[in-house]
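Asks: For chain Y, the structure is supplied; the task is to place chains F and B on it using the hints.
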Amino acid sequence: MHIPDGYLSPQTCGFFAVVMVPIWYKASRAVGKIVKSRYVPLLAIGASFSFLIMMFNVPVPDGTTAHAVGATIIAIILGPWAAVIAVSIALIIQALFFGDGGVLAIAVNCFNMAFVLPFVGYYVYRAIAGNVPLTSGRRALAGGIGGYVGINAAALCTAIELGIQPDLFHTAAGVPLYSPFHLAQTIPAMLFAHLTVAGFAEFAATAGIIAYLQRANVPILKINHVNVPVSDEELAKKRLGWRWALIGLAVMVVLTPLGLLAPGGAFGEDAPKDLDLSKYHLSAVPTGLEKFSSFWSHAVLGGYGFHSGDHPVIGYLISAFVGILFISVFLVGFIFLVRLIMGRRGFHDDDEEETEGAGAKPPVTA
Amino acid sequence: MAFDGVDSGAVAHPLGEDASSTSELAPGDPLFVVEGLRYAYLERFPALDDVDLEVRKGEKVALLGANGCGKSTLLKILDGLLFPDAGTFTAFGEQVTEDNLEDEQFAMGFRSRVGFIFQNSDAQVFSPTVREEIAFGPLQMGWPREKIDRRIGDVLRMLEIEPLAERAPFQLSGGEKKRVAIASVLVMNPEVLLFDEPTAALDPRTQAWLVELIIELNRAGKTIVMATHDLDILDAVADRCVVFSEDHRVAAEGSPATLLHDRELLLRVNLIHDHTHVHRLGNVEEAHEHEHDAAHHASQHV
Amino acid sequence: MSDVTVRAEEVPTPQWLVTGELALCPCGCIGKRKKGSFVEKTLSGAVGVMRNAMFGEDVAQQHGFLQRVDPRVKIVAFLGLLIVTAFVRNIPTLVVLYAATVVLAIVSALPVGFFVKRVWLFIPIFTGIIVIPAMFSFITPGTIVLPLWHWNGSPVGITEQGLTSAGLLVMRVATSVSLVVLLTLTTPWTKLLAGLRALAVPRIFILIIGMAYRYIFLLLNSVTDMYTSRKARTVGNQRNDYKEGQRVVGATAGALFGKAHALSEEVHMAMVSRGYAGDAKSYAAFTVGAIDVLFVVGCVVAAALVLGGDRLLGV
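Protein sequence lines correspond, in order, to chains Y, F and B.
So in my numbering, spot 212 of the first sequence is number 212, and the numbers just go up one at a time.
So in my numbering, spot 241 of the second sequence is number 241, and the numbers just go up one at a time.
So in my numbering, spot 226 of the third sequence is number 226, and the numbers just go up one at a time.
If we strip away everything but chain Y, and leave its shape as in the complex, we get (with noise of 0.2 Å):
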């Protein structure tokens, strides 16, 4: 997920410089109050652990590679204004001194993995684990869950700035002057990844540590969970379905943006990976302008004609903010649905982790 220098345009690394500074500042002022004068060798040892679990590059069927963040678990833990600058930091450490991502594009990384990462994967989180102990497997569980949206989250964020660089930056001939790729095809090839192992490589990071450290340290849990009770004998023993259930369903409440974001979803027609997803820049139509047009009139009226002379660049954005907004509205039914059900019945296991690691299995293995 790491944008190299290169892939994106010197305005759209400007605007995330912009975008980024008062967050960090906020993460600055709010990470002073929260853990004191213990936070700088805390933040450092969370950057360094970031920075650790960001090597640790799992295969992807495919062939290619991918890694988790271990921004949702740090936001767990310290909170996620602290895993903005834990993240942010090993960000830099990797873009200066291992030239892993680029130098100018550092604002644009630390927005997706440390900013939208920790912050969907911690309110993901906090959502689902609701008011249950500290040491309820249903927080394991959560955080696995807010990992697997929030890394999610963040591939999209980062498709979406790759994939909106060949139309809003080119040459007269038509000659994309950074990332050649549209949305059409940023999007799936960057949410193939994260859907399939990234995504469950922060999952079985968050949830495990979590469920290590409700057996081995809860003291550290405790940090950002001040008022949290840490055990409560009274909860209903909770149902092995449902965990199924939900895993199923935090895996559909991503895929299913996947489906409406890529073109071809919009006609309803085929699984999502079976896609032919260029096929709608396939046009031999020598402008750009064209060809802008001819995405936004496909994603979001699904029609089949060209039509020229729409704002190429708004329906493009339009059409990201529209995938966001159906994101957001899918996943606040989601954790709404999810928290009608905890309600009603308690949610707790002792050896959750266990457990997880066989949900995270077989997508991985099949």
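Hints are computed from structural coordinates only; laboratory data are not their basis.
Among the clues, some could well be false.
Stated by the list, open to error - Chain F is faced by these chain B residues, among others (derived, beta-carbon under 10 Å): (1) Pro188; (2) Trp189; (3) Leu193; (4) Arg214; (5) Ala255; (6) Ser273; (7) Arg274; (8) Tyr276; (9) Val288; (10) Ala302.
Said to hold, decoys possible - Partner residues are not named here, just some residues of chain B that face chain Y (Cβ under 7 Å, in silico): (11) Ala134; (12) Ala212; (13) Tyr213.
Glycine included, every Cβ here is placed at the ideal spot set by N, Cα and C.
Replies: Same frame as chain Y, now just chains F and B:
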């Protein structure tokens, strides 16, 4: 041996500089007084239970005990890093509490007068380079730049780590890291030096060097408090031993010679094992002749 | 118009196109995939990271041109050059810029073979692979220069626009990477940190970056140890890669976080013990000399020439 080249004059220069601040107390005056100390981790796991201790200026005190008996915890309390659940800790005539240490004046004074060499040099050597590591303490004290640079130069020379000055910690060996950790504490010229398992995980040569250094520092007027379970160096590095039992209390107190011959006591606090104590004690008796010969012991236990 | 669309729908997307991720993310272990566990590969990659870092420190200690430039000046200048590189719109300009980085590497006593290899073997090879599809008309429509096949009467093939775009991307990435490698190879990283500090990056960030960098190596060792001991206890063949991955990521990460946290507590104590009270103070000091002025002037002139020349080339 590494330390042989350093004459006492070289040692006295960097360490004797702040002599005025140490002159308030005469040798033999109590520096640290600990009374009725209790401490439990997470309010559940006891580490210290009703411990009394007095450390007098200029002496070398060894805290002895098996792993987990609470001696490291006691050192951390003596350094004002942890605060007791019950009991009092008085240093230099003033009680040390979390509140007191919030006071900048008091904290500065206390931090500069007490130095702590951690068991884990990796935790203690956290800066990007050796030079910056050594500069960390003095910078916190707000010393002028010149003084900091001079002190760093002196202490690098004294510990023979000048060539390492610009190195990063990951380029250092375990023994070198230990030297850097010691340098980073000595540069502030503290009156009291707390060592936590100083010889643990060091090669015999570095162990021997360290023992010499501790003796040298004590001769220069430093008070030494050391947690250890290395019985072989005890005679050289301690005037007085405090033995902790596994129920986190003080089991005995006395000179190394007396305590080391109390086999029943050492067995009871799990410091020695039935099969090994004869060897160990045999070596300890010859400690004067063989104190640097740690490899010898190691081979005996194989 | 509409017949174009119909034709377009029947062209299958190559599978490699929709699944390219590696090139976007050349992180950690990059290289040919060998038989064996990816975990092992990652760990050997980790050793490579360390070796690289140490090698970099050695090169940075040499007495070349860039090594003598003040780190603050260098950071600003290279950032400026990176931005210039990003704005360039012609391949020849990028080639000139890239050549300039090689010249700078030579005068800075960098091993040129290493410098060129590091840039071309590692990062842009993947960029190269990912831009191949971009050369075709189905990604980058335009004037077809090499028709490969026909579809409903219209040629499909490599377009001029696609070729230019691919060339631009590869050269831009190569030049950008070269600039970053030049900066990091000629600056000991502590000086780089100190330079950032002098450039208004908040002190607290610098302190955390410095510490994080330092502990990456320590934690890396812990991971290696944990993995080795785990492997030593494993009887028989390793289970398959993915399962092992799940196990390692889940179990090791938890233990690692516990270790990391305990370490951070200890580090905090070690800092407090030496007088730290939440406000870190910095040590480094810099002076700007003639060589720095020379370098800045050179960079500004070069930037102006490059951008001016680029405009002259048109587009």
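Asks: Now look at each hint and say whether the structure bears it out.
Replies: Status of the hints after comparison with the structure:
1. A distance limit of 10 Å between C-beta atoms decides the matter here; for Pro188 of chain B the minimum to chain F is near 7 Å, and the interface restraint holds.
2. For Trp189 of chain B, the suggested interface contact is upheld, since its CB lies about 7 Å from the closest CB of chain F, less than 10 Å.
3. The beta carbon of Leu193 of chain B comes within 6 Å of a beta carbon in chain F, closer than 10 Å, and the hint placing it at the interface holds.
4. Annotation: interface hint on Arg214 of chain B holds; nearest CB of chain F at approximately 6 Å, less than 10 Å.
5. Taken as an interface hint, Ala255 of chain B does not check out: its beta carbon lies about 17 Å from the nearest beta carbon of chain F, beyond 10 Å.
6. The beta carbon of Ser273 of chain B comes within 5 Å of a beta carbon in chain F, closer than 10 Å, and the hint placing it at the interface holds.
7. Nearest Cβ of chain F to the Cβ of Arg274 of chain B: about 4 Å, under the 10 Å cut. The hint holds.
8. Of the supplied interface hints, the one on Tyr276 of chain B holds, with its beta-carbon coming within about 6 Å of a beta-carbon of chain F, less than 10 Å.
9. Restraint check, Val288 of chain B versus chain F: the minimum CB separation of about 18 Å is more than 10 Å; hint violated.
10. Contact between Ala302 of chain B and chain F, as hinted, is not supported at the beta carbon level, the nearest pair being about 31 Å apart and thus beyond 10 Å.
11. At its closest, the beta carbon of Ala134 of chain B sits 4 Å from a beta carbon of chain Y; the interface hint therefore holds under the 7 Å criterion.
12. With a least beta-carbon distance of about 4 Å to chain Y, the hint placing Ala212 of chain B at the interface is held under the 7 Å criterion.
13. Of the supplied interface hints, the one on Tyr213 of chain B holds, with its beta-carbon coming within about 6 Å of a beta-carbon of chain Y, less than 7 Å.
Comparing the model with each earlier hint shows violations of hints 5, 9 and 10; every other hint is respected.
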